[in-house]
Amino acid sequence: DQQVKQNSPSLSVQEGRISILNCDYTNSMFDYFLWYKKYPAEGPTFLISISSIKDKNEDGRFTVFLNKSAKHLSLHIVPSQPGDSAVYFCAASAGSNDYKLSFGAGTTVTVRA
Amino acid sequence: NAGVTQTPKFRVLKTGQSMTLLCAQDMNHEYMYWYRQDPGMGLRLIHYSVGEGTTAKGEVPDGYNVSRLKKQNFLLGLESAAPSQTSVYFCASAAGLAGAFDTQYFGPGTRLTVL
Chain A
13 DQQVKQNSPS LSVQEGRISI LNCDYTNSMF DYFLWYKKYP AEGPTFLISI SSIKDKNEDG
73 RFTVFLNKSA KHLSLHIVPS QPGDSAVYFC AASAGSNDYK LSFGAGTTVT VRA
Chain B
650 NAGVTQTPKF RVLKTGQSMT LLCAQDMNHE YMYWYRQDPG MGLRLIHYSV GEGTTAKGEV
710 PDGYNVSRLK KQNFLLGLES AAPSQTSVYF CASAAGLAGA FDTQYFGPGT RLTVL
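As they're listed, the protein sequences go chains A and B. In case it helps, the numbering used here puts the first sequence at residues 13 to 125. In case it helps, the numbering used here puts the second sequence at residues 650 to 764.
To be clear, the hints were calculated from the coordinates, so they are not data collected in a lab. For each residue, glycine too, the CB sits at the ideal point set by N, CA and C. Treat the hints with care, as some may be off.
Across the chosen pairs, the derived CB separations fall in these ranges [what the hints assert, rightly or not]: (1) A:Arg29 to B:Leu718: 26 to 36 Å; (2) B:Gly702 to A:Lys112: 10 to 20 Å; (3) A:Pro21 to B:Arg760: 19 to 29 Å; (4) B:Gln666 to A:Ser64: 38 to 48 Å.
In the BS3-like style, the derived pairs of lysine-lysine whose C-alpha atoms are separated by at most 25 Å in a straight line are [what the hints assert, rightly or not]: (5) A:Lys17 to B:Lys706; (6) B:Lys719 to A:Lys112; (7) B:Lys719 to B:Lys658; (8) A:Lys112 to A:Lys68; (9) A:Lys49 to B:Lys658.
From just these sequences and the hints, can you work out the full model?
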């Protein structure tokens with residue numbers, strides 16, 4: 013049973029507009045969340061993270077929002093660029109002494125020129 | 650600084666054959682992981698290691714074995730390959746900082762096909 017769910021397999025957005033990727037989780041022990049980006053034929057690369065003590069973390073064009081009560085997080089990309097076309101994975105960890113990450117199935121983002 | 654490297658990049662096996670996938674990292678990381686990625690499934694943890702000489706089972710360990718004889722290397726073995734093990738395999742490593750949240754760094758992947 014997947015504890016991290018990304019219910020949208022794909023997202024298409026026009027260049028310059030906002031991309032919003034959603035992620036839901038079921039394990040209330042999760043308290044650290046990450047987003048990874050993956051290009052074809054490459055390994056995932058870390059993009060941004062958020063701890064459960066925060067509800068927002070921003071890094072340049074990327075912002076992650078966390079709603080603990082709803083067990084939901086989202087990644088906003090503003091403005092979207094062609095180089096953002098990739099698969100985005102949401103991942104979660106249950107504490108700083110938990111060595112493992114649980115991943116969602118991924119969302120494929122296509123940025124149209 | 651190569652980061653995390655994986656050998657080989659591609660491999661085709663026949664059912665019942667065995668093989669070993671090699672992962673190497675040059676970041677002096679304590680933790681290492683093996684994942685498989687299948688369509689619609691995301692990344693699933695096969696086995697992991699929290700230090701040299703240690704290994705532990707992840708979410709989908711059946712049919713795989715691992716060894717961590719040296720800190721920088723993590724080997725994934727398939728003793729008798731099955732078509733269900735056709736997948737893309739990713740290795741990752743993390744620093745293992747006590748009491749800190751860790752980012753995992755991934756290798757480029759190995760695409761394995763079992764006929």
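| Hints violated by the structure (numbers, ascending) | Number 1 only.
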